[in-house]
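Residue numbers (the working numbering), protein chains in the order written: chain A, 26 to 822; chain B, 114 to 471.
In case anyone wonders, no lab produced these hints; they're calculated from the structure. Values in this document were obtained by computation on a predicted structure and should not be read as measured data. Mixed in with the good hints there might be a few duds.
[Unchecked claim] With the Cβ distance kept under 10 Å, some of the chain B side facing chain A (calculated, not the full set): (1) Val134; (2) Glu136; (3) Arg167; (4) Val207; (5) Leu209; (6) Glu261; (7) Tyr272; (8) Phe362; (9) Ala374; (10) Met403; (11) Phe457; (12) Val465; (13) Gly467; (14) Arg471.
[Unchecked claim] Some chain B residues flagged as far from chain A (calculated, every beta-carbon gap over 10 Å): (15) Pro163; (16) Pro210; (17) Gly217; (18) Ile219; (19) Glu245; (20) Gln300; (21) Arg310; (22) Glu375; (23) Ala391; (24) Gly456.
Every residue, glycine too, gets a C-beta built ideally from N, C-alpha and C.
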Amino acid sequence: MKFTLSWLKDYLDTDASVDRLAEAMTALGLEVEGVEDPTATLKDFIVADVLECVDHPDSDHLHVLKVATGTETIQVVCGAPNARTGLKGILARPGVAMPDGMVIKKGKIRGVESQGMMCSFRELGLGEDHAGIVDLDSAAAAGTPVTEILSLDPVFDISITPNRADCLGVRGIARDLAAKGVGTFKDPAVAPVKGAFKSPVGVRLDFAATTAKACPLFVGRYVKGVNNGPSPQWLQDRLTAVGLRPISALVDVTNYLTIGRARPLHVFDADKLTGDVVVRFAKDGETVVALDGKTYTLDSGMVGICDAAGVQSIGGVMGGEPTGCGDATVNVFVESALFDPIAVARAGRALQVDSDARYRFERGVDPASAIDGMEIATALILEICGGEASELVIAGAVPAAPAEIAFRPAKVKTTGGLHVETAEMVAILDRLGCSVKVESEVLRVTPPTWRGDITGEHDLVEEVLRVVGYDNVPATPMSRLPMPKVVLTDAQRRRGWMRRALASRGITEAVTFSFMDSRNAGAFGWSDPMLKVDNPISSELDVMRPSVLPNLIAAASRNLARGIADVALFEIGPQFDGPNPGEQRLVAAGIRTGKTGPRHWGQPPRAVDVFDAKADALAALEAVGAPVATAQVNRNAPSWYHPGQSGTITLGRTVIAQFGTLHPAAVKKLGLKGRAVGFEVFLDAIPAPKKKPTRARPLLKVSPYPAVERDFAFVVDAGVTADKLIRAISGADKSLVQSVSVFDVFEGDSVGAGKKSVALSVTLQAMDRTLKDDEIEAVAQAIVAAALQASGGMLRA
Amino acid sequence: MDNLASLRDEVLEAVNAATTVAELDDVRVAALGKKGRITGMMKELGSLDPDARRERGQALNVVKDELAAALDARRQGLEDAQLNARLIAESADVTLPARPDAQGMIHPISQTMDEVIAIFAQMGFAVAEGPEIEDDFHNFTALNIPPEHPARQMHDTFYLPPQQDGSRYVLRTHTSPVQIRTMQGQQPPIRIVAPGRTYRCDSDMTHTPMFHQIEGLVIDKSTNFGHLKGCLIEFIETFFEVSNVPVRFRPSFFPFTEPSAEVDIGCSRKNGELHIGAGDGWLEILGCGMVHPNVLTACGLDPNEYQGFAFGMGIERIAMLKYGIPDLRTFFDADLRWLKHYGFLPLDLPTVTGGLSR
C-alpha cells in the first residue's frame, strides 16, 4: 500500500516528521517497507541562476554556462536544449549524490571544465520529465535549497496484514495514527449530493435468501451529461505518486476513492447498458471481456453485474470493457456495492485476476461505506466532469452493525502483561472508532463497521496493546526450575548420538528434500499413487520419497560432477511408507562411493565395498545401544541393493538396518556413474533401552589368568556363511571361548572348486584358573567337532 | 703380580678394541667367564697359604672389579653407538603428509536445531514432533484458518491426491500443527518446542519447497505477552551470542495468535556484511503471539482458564544470519565443499553452559 504524505494529511492533522510517522506506523503494525523522501534525497540541491549561456567550442549541442550559486559563480557544461541565459534551474554541486546514487564530481567535458550539473526533473527523481533541465518559475534567490521551493511529497510504502482491510485506504491509516496520538483525525461529515431526477437505470439483486450475502448491497446513481477527459493535475499527481496510471477523470475518481478510503467503485457508460442492472450469480460458461482486455469465462459461484445483454462486470473483481467509460462517454451509472469476501477471493483466484478492487473486497470493505463513497464520488465527478446526478438507487441493505463485545479491562494486564488505565483504554478505543459503554468491571465495546476483524475480547486486548505500543510491555523472564531437567526423549537423544557417531566416521551429514522424481521412485519401493504430490514444484520433485537413499545417490552424482569422486554422505530424515499422517519412518541412511580415501604415499586406498556399508550400519546401531550382539545378519535386502552383496540386520523379525552395494541399475537410473555402497538404519525399529533405576554399571569381571589364542582353518562349501562357523565355535564351550574372529577367507584351486577356506582365531580363557595343555587340547577338539558339524566341511591340513 | 698386571692391561686393551657388543661379550667371557682367565686365577687361590691368599685375593678382586666396570662402560658406549646408528638409519622425511583421516561434518540445520533446543531446554521446554503429512484440521482449521480465509493464500500449500471423501492431506506448511497435537494429547502446563521439516510450494532465490521451522508453545494459566517478550529476548541474546541485541516486537497478524507480533533484531549492513546487534537496520526473524482463543477451543481447552504464547521461526534463516551463510538453496544441495565449509565438527555439541559454538 503506497500513499503520499500530503494524501495522509488530508485525513490527519499532524506536524510529525516523516521518520516519526514511519516509526509510529510500524509500531502500530502497519509495517513500513520503504519511504521515498525527496526532501531527504534532495537536501543538497540548490536553486541556481544561469548568468550566461554560450555554445561549447568543441560540440554542436553542448553549452557552457556561468551559473550563480548564491555564494560564487561557477562554470557548468550542459547539454540541455532549453539552457539559456536567465534560466533559473536546479544545481548539483560536486560531492552531491544524485537520487540514483551517482556522486557529482568536477570534470572536463570535451576539454572544458564543468563544476557541477544542472538537473532535469527525472534526474531529481521527480517524474519522467527529461526534455530539458528544470526551468523554475520562481522568485527564489540563487542558493536556496530546492526543498524550500518545490512541493515535495514523501511516499510511504507499507505492508498491510490481511486483517487490516480498513488500512487499505489512506483514511484508515490516518485513523490508526491518530489513535496512537500522532496527530488528529480529520473526518468531516460527507455531504450528500441532491438527486435531480430518478435514475433511468434500476437495480435488482437476484439471489436466494441463503446466498444473499454474495452481494447484500448495491448503491447506484445515474449521472447525465458528463464530460470525460484527463483528470486535474492534483489527482493525476496523487495517482502517479502511488504507482497508478491516470486514465480518465471518471476512472481516476474511482481509483482515488479506492486508495483514499478503501472504497472500490465502478463506473459504467450508462448508454452502453441494456435495461436495468441485475446482480446475480453468473451462469456456468458466461463470458465477459474485462477492462484488462481479456475474456473471462465465469462459473456459477461468481457474482456478475448484468444487464439484459448479459454479464457486464465481475462483481468485486473487475469491470467490463464493453460498458466501460471512454472519452465519448456522456451518461454514466456509478456502482458502489458490497460483495462477499469469500466469493470475491474465489473468483479472483479462479480467474487469476489481481485488481485493487479484489484486493480490498476479499479482505473486507467497510459495509457502511457504500453510500458515503457514492456521495464523494458523485461530488468529484460533478466537479471535474460536470453533469447532473440522479437520486440514489439502493438495492439490498447495509448489513447489521457488529455485535457488542464485553471487554474486561483487566485482561490487558493478565494476557497482555501491561497495566493501562481504563480511561486510557476507553480513549484509545474511541479514537479507533469503537463506541464504548463503561460499566464497573467491564467495558461494553461496539467495534466500528470497518473493523470486521474485531470480534472478541482478545481482539480488543490487542488493539489497546498495539496502540500503547508493544515496546511498553515489560519483558518478564519465564519461571523455571533452579536446575534444568532432561527434556529430550530417548528417541531424540538417540538421533543425536547416531548423527554425531556417523559424522565421526568421516561421513558428512546432508539434508535433502523429502520428495523425489516419481520416475525413479519405483526402483526404491514406491507404488502408492496417493503419495504423489498433486501440485509439485517440478516433475523432479513429485512424490514423497520411499527411501532416503535415492536423494543421496543423486547428491553423490552431483558431487562427482564437481570432481569429488570419494563421496561419503548421510542423512537422518523421513521416508514415507503411506499417505496418512504418521505413516513415515525416521531413517539414517548413508552412501559411500569411490575409494576409502585419497591416494597417499603411506596408505593406498581401496575401493569402498559392502563391508564399509556394514560397518557404518553397525556403528550407527552401536551408537544408540542397539543389541548388535544378538542381531542377525540375513541376505534379504530390498531390490535397490546388489542381490549378492547386501544384507539386513534383524532382531527377531524386525529389520533394524539394511546395507550393501547399491544395485547398479538403481544407481545408474539416478545418474551416478560407478559403484556405490549404502545403508539404511530404521531408528524407530530399534527397541527402547530398559529403564534403569540408577546409572551404575555392572561390575567389571576380568580374568586374572592368561588367555590363549588358537587358530583353526576349515575348508567348507562356498555357500557356508562365516556366521555359521562363528556361532558353532562360540557354542562349543561357552565358558572358555571368549571371542572368535575370522582372519582369512580364501577361494582357489588349492581348496577345490566351489569350496573356500575360512581361518579363524579363537581366544580361550578361564575365569578361575590357568588353562592346562590337555584342557586346551580338549576345547580345541570340541571346537573342530562343532565347526565341522555345523558347516559340513573339513579341517584344513 | 706382574702377570696379573699384564693380564689386566691386556684385557683392558681388548675391551677398548671391541667394536661390537658380541666382540665385547667374547672379551668378557675370556676374562671373567666360568673358564675365564681371571676366574682361573681365583680358582688357584685355594692352593696358597692364608696370608698370600688374602693378599692375592684382594689384588684379584680389584682387577676383576676394574675390568667389570670397564666392560660395562664399553658395553654402554657400544649400545649407544648402535642405537644411534639405527636411529640415523631410520630417519624419515617428516615433511611427508600424515595419513589422511576422513572428517565428517554436521549439517548447519542440525547444529542450529541443537543450539535452539539447548537454549529452550534451559527454560524447561520439551521437544515435540509431529507428522509431515498432515490433515486439513491440524494444519489449518484448528489453527483458526477456515477455508477461503485470506491467510490461506499466505501459504502455498502442497496437496496430496484427494481421498475417497474428497478431503486431501497436505504437506504441513508450518510446524504449528504440532501445537495442536500437543494440546490435544496433554494437559497444561505445556512448554514445548517443535522443530522439523515444513513445505511450501515456492521456489526462487529465497525460497525452497522444503525448509525447517521450530515452533514454541507455552500454555498455562498465567503466561502473558510480557513472558513472551522475556522468553524470546533471552533466546535471541543467547542464540546469537551477542549481548544487548536490539529486539523489536512489531504488531502483526497470524490467524492463530492474538495479539500477534513479528520480531526484528537490530543489525547493520555495511559493505554488504551483516552485523547482528549493531547499527540502525532491522531484520525480521520470527513471528509470535498469544495463542488465539479459537485455537485453545479447537484443542478442547477452555480459553477462560488457559492462556499462553506460541512462536515460530525458520531454522535456515537464523542459521544464515548467525553464521553468515548467503544462499538458502545451498542448504539442500549436499555439495560436499559447502558442507565441509559451513558444517560443524561432530564433537561440537552445543550446550548453554559449555558454549553454543566456537
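Evaluation of the provided hints:
1. Val134: At about 32 Å, which exceeds the 10 Å cut-off, the nearest Cβ of chain A leaves the hint on B/Val134 violated.
2. Glu136: Nearest chain A Cβ about 38 Å off; hint violated.
3. Arg167: Since the shortest Cβ distance to chain A is 52 Å, the answer is violated.
4. Val207: violated, 12 Å
5. Leu209: holds, 6 Å
6. Glu261: holds, 4 Å
7. Tyr272: It holds, given that the least Cβ distance between B/Tyr272 and chain A is near 4 Å, below 10 Å.
8. Phe362: Status holds, d = 4 Å.
9. Ala374: holds, 6 Å
10. Met403: Since the shortest Cβ distance to chain A is 6 Å, the answer is holds.
11. Phe457: holds, 9 Å
12. Val465: holds, 9 Å
13. Gly467: Not OK, violated: B/Gly467 not within 10 Å of chain A, min 13 Å.
14. Arg471: violated, 16 Å
15. Pro163: Per Cβ check, B/Pro163 is outside 10 Å of chain A; nearest 53 Å; holds.
16. Pro210: violated, 7 Å
17. Gly217: violated, 4 Å
18. Ile219: Nearest chain A Cβ is 5 Å from B/Ile219, so the label is violated.
19. Glu245: violated, 6 Å
20. Gln300: Consistent with the label, B/Gln300 stays out of reach of chain A, its closest Cβ about 18 Å off (over 10 Å).
21. Arg310: violated, 6 Å
22. Glu375: violated, 8 Å
23. Ala391: Correct as stated: the minimum Cβ-Cβ distance to chain A is 19 Å, above 10 Å.
24. Gly456: violated, 6 Å
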